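*Asks:* Each chain, written out:
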Amino acid sequence: MTEIVTLISAGLLLIGSAFTLVASIGLLRLPDVYTRMHAASKAGTMGSCLMLIALAIHSADFGTMSRALAGVVFILLTAPVSSHLLAKAAYTVGYRLHASSVRDEMAPQDKQ
Amino acid sequence: MIGVETIFDYAVTTTLGVLCLSFLVTIYRIVKGPTLPDRILGLDMLVLIAIGFIAVIGIKTGYALYVDVAIALGLVGFLATVAFARFVLSRGKTEDDILTEAREAASTARREAKLRARPSGGNPGSAPHPGAGQTGGETNP
Numbered sequence: 001m002t003e004i005v006t007l008i009s010a011g012l013l014l015i016g017s018a019f020t021l022v023a024s025i026g027l028l029r030l031p032d033v034y035t036r037m038h039a040a041s042k043a044g045t046m047g048s049c050l051m052l053i054a055l056a057i058h059s060a061d062f063g064t065m066s067r068a069l070a071g072v073v074f075i076l077l078t079a080p081v082s083s084h085l086l087a088k089a090a091y092t093v094g095y096r097l098h099a100s101s102v103r104d105e106m107a108p109q110d111k112q
Numbered sequence: 113m114i115g116v117e118t119i120f121d122y123a124v125t126t127t128l129g130v131l132c133l134s135f136l137v138t139i140y141r142i143v144k145g146p147t148l149p150d151r152i153l154g155l156d157m158l159v160l161i162a163i164g165f166i167a168v169i170g171i172k173t174g175y176a177l178y179v180d181v182a183i184a185l186g187l188v189g190f191l192a193t194v195a196f197a198r199f200v201l202s203r204g205k206t207e208d209d210i211l212t213e214a215r216e217a218a219s220t221a222r223r224e225a226k227l228r229a230r231p232s233g234g235n236p237g238s239a240p241h242p243g244a245g246q247t248g249g250e251t252n253p
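Line order of the protein sequences matches chains U and B. Under the numbering used here, think of the first position of the first sequence as 1, with each following residue one higher. Under the numbering used here, think of the first position of the second sequence as 113, with each following residue one higher.
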């Protein structure tokens, strides 16, 4: 039983680090701030949540497990809020979308 | 037959290496990032990677106290991103940002012109509209 838990924890660690690496590669490669936000906010949240879940199931202790899961819930609640706030601020100030963007739903209607 | 503990040690070491790699890539984006929102986004990502580091170190050493550090770091990162977003909103666009955008639009147009000059280069269906980045005046109120 302990071996199975250890193996699951190791697998979660590897998957979480892979998600984090994908998020940072997306941060490096995507063209403008909005698409980079799409990479960092989703895949990065997934990566760190998976690593915290690995800590929770590795530590076979109710207090540690509940705190780690509370941390997961906290990250899941705050990461979309902060990303959305940053995107809205950047759009309001006037940072443009990349030229290869095909749709801008928030553009003023009389300009089309 | 390899023991489970050996596999787990290898997994922890690999995770630390991959996290180091993504940390460096994110730092490159923060240093290079053309505008301020890019850098704030890199900072947010850096906090997430640091939470992952703390979780891995907590597993490796067995100290349960690292979980509290991870939660506190997440709180600080969230507040920092919110405060930076408010700062972006109140600062507005600077001349530096406008210069950077003009430079990027020029380099995109140059790349497209090169692509078009080449015979049958690229597929025409997915080519972005030329000059879509620099048409229209400033929409800054």
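Careful, some of the hints might be misleading.
Stretch by stretch, here's where chain B covers chain U in the computed footprint (C-beta under 8 Å, at least three residues) [to be verified]: (1) 1-14; (2) 27-39; (3) 85-91.
In case anyone wonders, no lab produced these hints; they're calculated from the structure. It should be emphasised that the depicted structure is a prediction, and the values quoted were computed from it without experimental measurement. Beta carbons are placed, not taken as given, at the ideal position from N, Cα and C, and that holds for glycine.
*Asks:* Please write out, lowest number first, the hints stated earlier that are contradicted by the structure.
*Replies:* Violated hints: none; all satisfied.
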